[in-house]
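Residue numbers (numbering that gives the first Met the number 0), protein chains in the order written: chain A, 0 to 151; chain B, 0 to 151; chain C, 0 to 113; chain D, 0 to 113.
These aren't lab readings, by the way, just hints derived from the structure by calculation. No experiment lies behind these values; they were computed from the predicted model shown. Mixed in with the good hints there might be a few duds.
[What the hints assert, rightly or not] Simulated pairs of lysine to aspartate or glutamate, DMTMM-like, Cα-Cα distance not exceeding 20 Å:
no.: 1; chain 1: D; residue 1: K67; chain 2: B; residue 2: E103
no.: 2; chain 1: B; residue 1: K79; chain 2: A; residue 2: D11
no.: 3; chain 1: D; residue 1: K80; chain 2: B; residue 2: D34
no.: 4; chain 1: D; residue 1: K80; chain 2: D; residue 2: D97
no.: 5; chain 1: B; residue 1: K101; chain 2: D; residue 2: E71
no.: 6; chain 1: C; residue 1: K18; chain 2: A; residue 2: E15
no.: 7; chain 1: C; residue 1: K8; chain 2: C; residue 2: E71
no.: 8; chain 1: C; residue 1: K18; chain 2: A; residue 2: D34
no.: 9; chain 1: D; residue 1: K3; chain 2: D; residue 2: E102
no.: 10; chain 1: A; residue 1: K101; chain 2: C; residue 2: D97
no.: 11; chain 1: D; residue 1: K66; chain 2: B; residue 2: E107
no.: 12; chain 1: D; residue 1: K67; chain 2: D; residue 2: E27
no.: 13; chain 1: D; residue 1: K8; chain 2: D; residue 2: E34
no.: 14; chain 1: D; residue 1: K67; chain 2: D; residue 2: D97
no.: 15; chain 1: A; residue 1: K137; chain 2: A; residue 2: D68
no.: 16; chain 1: C; residue 1: K3; chain 2: C; residue 2: E102
no.: 17; chain 1: B; residue 1: K137; chain 2: B; residue 2: E121
no.: 18; chain 1: D; residue 1: K66; chain 2: D; residue 2: D97
no.: 19; chain 1: C; residue 1: K66; chain 2: C; residue 2: E34
no.: 20; chain 1: A; residue 1: K101; chain 2: C; residue 2: E71
no.: 21; chain 1: B; residue 1: K79; chain 2: A; residue 2: E66
no.: 22; chain 1: D; residue 1: K18; chain 2: B; residue 2: D34
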Amino acid sequence: MKAANMIRLIIDSRLENVSLVGGAVRGIANTLCMDSTTSYQLELCVVEAVNNDIKHAYHCQAGHSVEIDVLLYPDRLTFKIYDSGESMNPAKVAPFCFDPSKIETLPERGMGVYILHSLMDEVHYETINGQNILTLVKYVNYPSEGACKSPG
Amino acid sequence: MKAANMIRLIIDSRLENVSLVGGAVRGIANTLCMDSTTSYQLELCVVEAVNNDIKHAYHCQAGHSVEIDVLLYPDRLTFKIYDSGESMNPAKVAPFCFDPSKIETLPERGMGVYILHSLMDEVHYETINGQNILTLVKYVNYPSEGACKSPG
Amino acid sequence: MQLKHNNVKDVLIVRPLEKRIDASTAAEFKQNMNEWIDSGNRRIVLNLSEVDFIDSSGLGAIISGFKKIGNEGNIVICVVKESVMSLFRLTRMNRVFDIYTSENEALEALSGKA
Amino acid sequence: MQLKHNNVKDVLIVRPLEKRIDASTAAEFKQNMNEWIDSGNRRIVLNLSEVDFIDSSGLGAIISGFKKIGNEGNIVICVVKESVMSLFRLTRMNRVFDIYTSENEALEALSGKA
Ligand SMILES: Nc1ncnc2c1ncn2[C@@H]1O[C@H](COP(=O)(O)OP(=O)(O)O)[C@@H](O)[C@H]1O
Ligand SMILES: Nc1ncnc2c1ncn2[C@@H]1O[C@H](COP(=O)(O)OP(=O)(O)O)[C@@H](O)[C@H]1O
Chain A
0 MKAANMIRLI
10 IDSRLENVSL
20 VGGAVRGIAN
30 TLCMDSTTSY
40 QLELCVVEAV
50 NNDIKHAYHC
60 QAGHSVEIDV
70 LLYPDRLTFK
80 IYDSGESMNP
90 AKVAPFCFDP
100 SKIETLPERG
110 MGVYILHSLM
120 DEVHYETING
130 QNILTLVKYV
140 NYPSEGACKS
150 PG
Chain B
0 MKAANMIRLI
10 IDSRLENVSL
20 VGGAVRGIAN
30 TLCMDSTTSY
40 QLELCVVEAV
50 NNDIKHAYHC
60 QAGHSVEIDV
70 LLYPDRLTFK
80 IYDSGESMNP
90 AKVAPFCFDP
100 SKIETLPERG
110 MGVYILHSLM
120 DEVHYETING
130 QNILTLVKYV
140 NYPSEGACKS
150 PG
Chain C
0 MQLKHNNVKD
10 VLIVRPLEKR
20 IDASTAAEFK
30 QNMNEWIDSG
40 NRRIVLNLSE
50 VDFIDSSGLG
60 AIISGFKKIG
70 NEGNIVICVV
80 KESVMSLFRL
90 TRMNRVFDIY
100 TSENEALEAL
110 SGKA
Chain D
0 MQLKHNNVKD
10 VLIVRPLEKR
20 IDASTAAEFK
30 QNMNEWIDSG
40 NRRIVLNLSE
50 VDFIDSSGLG
60 AIISGFKKIG
70 NEGNIVICVV
80 KESVMSLFRL
90 TRMNRVFDIY
100 TSENEALEAL
110 SGKA
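So here's chain A without its partners, still in its complex pose:
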C-alpha cells in the first residue's frame, strides 16, 4: 500500500477539547471532498472514540493525552486512537437493542460502540505495552473526475 499522508492530533483528556478534534476531522473530510453526511459520520466516530477514552479509560481525569493519527491511503481513511488508561473490557459492551414502542427500554447511553461498528468498515482494538489502540477504517472511493481525487 502506498505511503500515507498523515496528521497526528493530540489533546489533553478533557471533554471540552473534543470539539476541536471533531472540527479538525470534519475539516479534513471536507478537504477530501466527502459529502456532508459522511463528514459528519467520520467526525461522530472519532468523537465517540475520544469521548470513550476520556470517560472510560481516563475516568474523566484531565492531565492525560489522547492521540489520534489520521492516515490517508488511496483506498481508505484510517484513524488510530491511542490512550494509556484503563483498557476496554469487552464484557462491559452490551448489545444495542430496545423496543421503540416501550419508552422504558430506550437507551440513554451505550450507543457509542454500536455507532463505531455501524459506520466504520473496520474496527480493531488492541493493547500493546499498556497503550490502547483503537483503529477505525473507512473505505473511500475518490471520484476519478471532478474537484476531488485520491490523495498522494
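Place chains B, C and D with the ligands on chain A using the hints.
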C-alpha cells in the same frame, strides 16, 4: 487569562501533508462559527507558516516534524508553530512591494510573511534551545447571541 | 450552553443556539430540560435548526427528557439537518420521536394531541 | 493535479478540478501553464470555480504564467470564490488581473481584445 482549550497538530515535513493541517484549521474555525473568509484566512496563515518551515527551515527534507498548537482563549485564537530546523534570518525577508502596472515587477514569491503580518493581529518569532516558535494571534469577538459563543 | 425557549400556549419551544450537543454540553442540556419538565411542561418542541453535530451523549440527553415525560405528554423534534438526521436513523430514534421539517408543523401536531 | 482545458477559437480555457492550488501542486500547475504557453497559447481564461484554497505558492504560479505571456497576450480569471478573492485583494493582484464573475464574460472580454 482563562485556561485555554487546546489541540496539537503534528505532521512530517512534507508539503503533501500541509493540506491536512489546512483542513483541520478550517474545520476548527468553522466549529467556532468563523465566517468563511475568516476561516480561509486562518487556514491560509497557518499553511503559509507550515510551508515556510518545510521549505526554509527544513529545506524540503522529509523526516522532520512540524507541530502546530491551536489555543482557544475567550478573546483570541492563538497558533504556535514549532520547527527544529534552520532559524529565520530576518534580513532575508524582503518588503512586499511592486508596481501593478509593470509586469516585470510582479512577485512570484516572497508573499508569505506579508500575508501573516497583514491578516494576523500579532506575529512573534523566537528561537529557544534550537526550537523555532512562530506565534500567530487573531483576536476574536464571539457573538454573545446565536449558535456560537466563546469557548470554555 | 444557550437554549432559546418560549411558550406558545401550553407548548414549550426549545431551540439550542449551539452548533453542538455533545459530551461536554449534554449534562447541562439534560438539566435544563429536567427543570422545565419539573416545572410542569409536558409538551415540548425541540428545534434543532442550529445544531450540526450531536453525539451519542447529546442524543442520550434528548432521550432522557423524552423518558421523563413518558406518557404524560410528548417531546417532538423539528428542523433537523440531514447529517444529524442520519444519527436518528442509525439509532432507530426516528421511530421513537416524531420529527417535523418545520417548527409550525411540530407545533400544530403537538397542539392537536390530547 | 487535474486541469480541465479546452479551446474556444484562439482562447484556452483552463479549469482546475481541484479544491486547492497550494505549495504541493503549484509546480505542476506552473509547468502545465508553461507548456500551453510554449505551444502558442496567448489568451487564457483561468476558471477558479472549483478552487476554495489558494496559498502564496499557488498565486505565484498563476502570476508566473501571466508574466510569461507578458504583453503578447493575457490571462484573465473568472468565477473566484469570495474567500479566495480576499487573497487577490490582500496582495493587490486584483489590480493586476482582470477578474470576471462568469466564464462567458471572461471569454467575451478576451475575444474583444486585440
Ligand atoms: N476507550 C474505552 N476504554 C475503556 N472502556 C471503554 C472504552 N470505550 C468503551 N468502553 C466500555 O464499553 C462500554 C460501552 O461504550 P459505549 O457504547 O460507547 O457506551 P457509553 O460510553 O455510553 O457507556 C462503556 O461503558 C465502557 O465500559
Ligand atoms: N519558517 C522559516 N524558517 C526559516 N526561514 C524562513 C521561514 N519563513 C520565512 N523564512 C525566510 O523569509 C523569506 C520570506 O518568506 P515568505 O514571505 O514566506 O516568501 P517565500 O517563502 O515565498 O520566499 C524566505 O525566503 C526565507 O528566507
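Hint check results:
1. D/K67 x B/E103: At roughly 9 Å apart (the allowed maximum being 20 Å), B/E103 and D/K67 satisfy the hint.
2. B/K79 x A/D11: Holds - the C-alpha atoms of A/D11 and B/K79 are around 17 Å apart, at most 20 Å.
3. D/K80 x B/D34: 13 Å, holds
4. D/K80 x D/D97: 15 Å, holds
5. B/K101 x D/E71: This hinted pair holds, its Cα atoms lying about 14 Å apart.
6. C/K18 x A/E15: 14 Å, holds
7. C/K8 x C/E71: Within the cut-off at roughly 17 Å; holds.
8. C/K18 x A/D34: Holds. C/K18 to A/D34 sits at ~18 Å (cutoff 20 Å).
9. D/K3 x D/E102: 14 Å, holds
10. A/K101 x C/D97: 15 Å, holds
11. D/K66 x B/E107: Roughly 9 Å separates the two Cα atoms, so the pair holds.
12. D/K67 x D/E27: 16 Å, holds
13. D/K8 x D/E34: Judged against 20 Å, a Cα distance of about 18 Å means the pair holds.
14. D/K67 x D/D97: 16 Å, holds
15. A/K137 x A/D68: 14 Å, holds
16. C/K3 x C/E102: 14 Å, holds
17. B/K137 x B/E121: Satisfied, since the Cα-Cα distance of roughly 7 Å is no more than 20 Å.
18. D/K66 x D/D97: 14 Å, holds
19. C/K66 x C/E34: 14 Å, holds
20. A/K101 x C/E71: 14 Å, holds
21. B/K79 x A/E66: Given that 20 Å is the threshold and the Cα spacing comes to 18 Å, the pair holds.
22. D/K18 x B/D34: Given that 20 Å is the threshold and the Cα spacing comes to 18 Å, the pair holds.
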